[in-house]
Amino acid sequence: DIQMTQAPSSLPASLGDRVTITCRASQDIGNYLRWFQQKPGKSPRLMIYGATNLAAGVPSRFSGSRSGSDYSLTISSLESEDMADYYCLQSKESPFTFGSGTKLEIK
Amino acid sequence: QIQLVQSGPELKKPGESVKISCKASGYTFTDYAMHWVKQAPGKGLKWMGWINTYTGKPTYADDFKGRFVFSLEASASTANLQISNLKNEDTATYFCARLVNNPYVMDAWGQGASVTVSS
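Chains as they are written, first to last, in the working numbering: chain U, 61 to 167; chain Y, 913 to 1031.
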């Protein structure tokens, strides 16, 4: 099975900060990588698909990138509404696997 | 618009069974697989498996083989998750989701169905 190692698990940050969350894949997943945002009591919201593509309606301060087996989600200037949990998901092959999650919180 | 609407919260005792439904609308149900995702309280997302909505063939992640059954009522555009012999650790929110590796096909998620197992 493909393992997705996500870091950090918790990320205290200030409004306006540039923040980056990373997932490392244990095997090649190409660009079959999504990033989700989840707020308490809500369903996950797709932010990035295909590793680098912004989903519809997602603010342009969010971006996704890939370097080899490392995938990153970057928020260029943190806003209060971005405080949430973030997860990566690989969908290259079954079983799909999520990263363990990152809690983004106000410092 | 595309919607996945799940059934309501359930409170069950250990050993009982539960069936959660996920009704799709706004697209042809049999065109895309349906996935199931578990989220225990305060924990992360865990992929449970998926069902081919055209053939009805289910695929289960290892941790969900045995007591978990994915099924369809295709005529009603509905996917179901049944859990038998419930255990305390099945307490969670269960999401159905349309996840398609096609940049022109939008993902969709249900609102989640809460299952609480308690004696």
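Since the hints were made in silico from the structure, they are not lab data. You may find that some hints are simply not true.
[Claimed, not checked] In silico DSS-like pairs for lysine-lysine, Cα to Cα no more than 27 Å straight-line:
| # | chain 1 | residue 1 | chain 2 | residue 2 |
| --- | --- | --- | --- | --- |
| 1 | Y | Lys-969 | U | Lys-99 |
| 2 | Y | Lys-977 | Y | Lys-935 |
| 3 | Y | Lys-931 | U | Lys-99 |
Okay, the hints, checked on the actual structure:
| no. | hint | result |
| --- | --- | --- |
| 1 | Lys-969/Y x Lys-99/U | violated, 32 Å |
| 2 | Lys-977/Y x Lys-935/Y | holds, 23 Å |
| 3 | Lys-931/Y x Lys-99/U | holds, 26 Å |
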